[in-house]
Amino acid sequence: MGAYLARRLSLMVVTLIGMSILIFVLLRLVPGNVADILVDATGNDDPKEKAQIVHELGLDRPIAEQYWQWIDGLAHGDLGYAYVSERPAIEEIGPRIPISAKLAGLAIFFAILFGVPLGVMSAVRQNTRLDYILRVVSLSGLSFPSFWLGLLVLMAAAQWFGTVPIYDTDAHGFIAQVKMLILPAITVGFRSSALIMRLTRSSMLEVLRQDYVRTARSKGATNASVNYNHALRNALLPVVTVIGIEAAFLVGGLIVTETVFNIPGVARFLVEAIRWRDYPIVQNLTMLIAFIVVTMNFLVDMAYMVLDPRIKYG
Amino acid sequence: MGFQRVLLAAGVAGLMAAASPAFAQKQGGTLRITHRENPPSASIHEESTISVVQPFMAVFNNLVVFDPKEKANSPDHIVPDLAESWSWNGDKTKLTFKLRQGVKWHDGKPFTAKDVKCTFDAVAGLDDKSDLLRKSPRKIWYQNLKEISTNGDNEVTFTLGRPQSSFLSMLASGYAPIYSCHVSGREMRTKPIGTGPFKVTEFRRNEGIKLVRNPDYWKKGRPYLDAIEWKIVPNRATRMLGFESDEFDMTFDSDVTFPLLKDVKARRPDAVCEARPTNVNSNILVNRDSPPFNNPDVRRALVDAIDNHAFSQILSQGHDLDGAAMLPPPYGKWGMPKEMLASLPGHAADIEKSRAEGRKIMEKLGYTADKPLRIKVATRNIEIYRDPAVILIDQLKQVHIAAELEPIDSSVWYNKIAKKDYQIGMNLTGVSVDDPDVNFYENFFSKSERNYTGYNNPEVDKLINQQSAEVDMDKRKKLVWEIEKKLADDVARPVIGHNVANTCWSPKLKGVNLQVNSIYNGWRFEDYWLDK
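For the record, the sequence lines run as chains A and B.
Everything in the first sequence is counted per this note's numbering, starting at 83 for the first residue and increasing by one.
Everything in the second sequence is counted per this note's numbering, starting at 613 for the first residue and increasing by one.
Derived by calculation from the structure, the hints in this document are not laboratory data.
In this text, a Cβ means the ideal position worked out from N, Cα and C, and glycines have one as well.
Certain hints may be false.
[Said to hold, decoys possible] Calculated lysine-lysine pairs in the DSSO-like style (CA-CA distance at most 27 Å, straight line): (1) Lys130(A) with Lys976(B); (2) Lys831(B) with Lys1122(B); (3) Lys1009(B) with Lys976(B); (4) Lys1031(B) with Lys130(A); (5) Lys1032(B) with Lys130(A); (6) Lys130(A) with Lys729(B); (7) Lys184(A) with Lys741(B); (8) Lys741(B) with Lys130(A); (9) Lys261(A) with Lys874(B); (10) Lys803(B) with Lys130(A); (11) Lys965(B) with Lys1009(B); (12) Lys726(B) with Lys741(B).
[Claimed, not checked] From the structure, some residues in chain B lie toward chain A, with a derived Cβ separation under 8 Å: (13) Thr802; (14) Ile805; (15) Thr813; (16) Arg817; (17) Glu819; (18) Asn1027.
Isolated chain A, as found in the complex (with noise of 0.2 Å):
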């Protein structure tokens, strides 16, 4: 076991160090650098200031002079300075991620709690009305887009309750942030919920049509025990795959909703970070966004074991 995490840590570095070159040389080679931006969004095509700019941050230094600067940084705890804002990486990076991870962390948590229950039931159920009605809800969750859905609950919001959850970072408080960020949670959890749904539902379809489901019937036990005790447990595995794998890729919906609801996120932030080639910005959170999916598929591995006692590891 001990052998087997060392080698799955260390991979996970080689990984990232990869990453890392792949993020640094593919944002060198979109079109266009900060100075391009700066100097052009005033309508002026100055070569002059450009390469004043470009001397100033230090882009006109050999790539691997700029790669190597950054790395060692980071490995100092030092992101850098932004671009735009001409202010410490860390200190643009460091507040957004709390607002996105608890945006995340809450669309995740609701995803579970509907999806896997009603999953479950629609398996139980499987072609009763309750049934086609779950299909059709998850499925509407897989085909609606986040920015129409996210729209969708922005107007009814302001139709039925007179106002609209727009972020204010200086409301504080357990109540005062639920009540901010319930939905935008729920649109940006709601496709993770078809899908998780699903998946549940599937997968505990095949489970139940098992021999031990059928001899833990025959021996008495009830249908809540049957479900929940004995196929669930089992046809979780691929779920917490799937649960991991969306968790890493929330970004994806948070970019969306992050603007729809206006919170001032990672995630719209590393959107508009890439249109001005802010480059500490850019490399700093697609390493973060890196980081967590290498260490989200590394603790959906370690579920596994959990889980299902027959998967060992060495």
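Given chain A's structure and the hints, the job is docking chain B onto it.
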């Protein structure tokens, strides 16, 4: 006797109330406004967008300013700001300002003539060593400025190369604030220090801008508001819903299009909405250096196809104004009269006749409906650019031109245009001061860095300089119209229309005066107050 006393007391009270508007206005409150995007920085001198001027003009003062109480910016309505008075020398080449004394920067340091000098030395590029600005998009405005000299702390003189009647108007614009020269350029871009009615307490990307009342503001009794909070909401639908549900007191300037206005009025019937020209015009960039538009005949056919009226109907329900480069009257001071405008290519009253002529030109060149000229219409990949581009593509079919839309990412748009990597482009041009110098020097003068189409006509350059030096307004206007005619004949940058849009605010917000010939001026907010 008693009655006389009562009358006298009532008279005095009435006079006081009339003399001091503070009797009616209420002090306090926070004004909440939506902002459409992240301002690139807080440094007005370094940017060219309303996204910077509107929130940050309130942090600064100018030497002089367009009277905020007037509806139109005009040289006749310029009032003192940090300058108490000004005077020209005999040949109108030296402009001397006597400065207000006792004015302090937000950090408590005194404002002096040196600040004025160092600001405009940096803006005009007269001081190579200055690190106050890293870009100066309006350097061309001050190409005639030769020297700035100070006489003690309270007098400053601008020396011009030749008379220039627009010079004072340019100093009165929202784009001409005085910077504090003891503060670094970086600080001015991130958390600027000014002498204005509001101080910056926070400027956070993707979140907002917070300004608080400057208690030491030199204009006693101002501002009325305690604070202004700008919330950055990039999604327009969210901004509108926020305003409609009273989360905001005011929309971003000109943010409410005519189709949206209907929704706003339906959901918030008490909203006060005002439509006005923005002095932003939609125009076509023509690459006259490469085929097919290096051929004057093809350029002429292009403008013959344009139906300005149809553009206006589709884009703004008929509210956009037809005009040449300068904003048309009655809002604009320099625009051509209607009958003169109708004689210009691209503004014909009889569009069918004009299109028939365009088709004839194209047929002579060998193009027909079955064998059209195939081109691309480049434009920024933003709704307000794409919409008119799509209409243009449709109209070009009328003269046997089959065009395809080429949406370009904003970040590379100007670069692409400057490299002449386009055939024609749909563009928007904002004019910050309704004066020909600002518009012509920026967009059509051969040596301007902002003339990114590279239009170069020595005759037009000469006329631009000539009108600029002309002090007789009637003579200047005739020169301006002559330039307009040449630009139109040359198909330099055909104007599709001058945009008109709405700004809305809560009925509780008072003191709002939107100016009709520029969206870039009049954002000091010192006269705004909340009746809450």
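* Which of the listed hints are not met by the structure? -> 1, 7, 9, 14, 15
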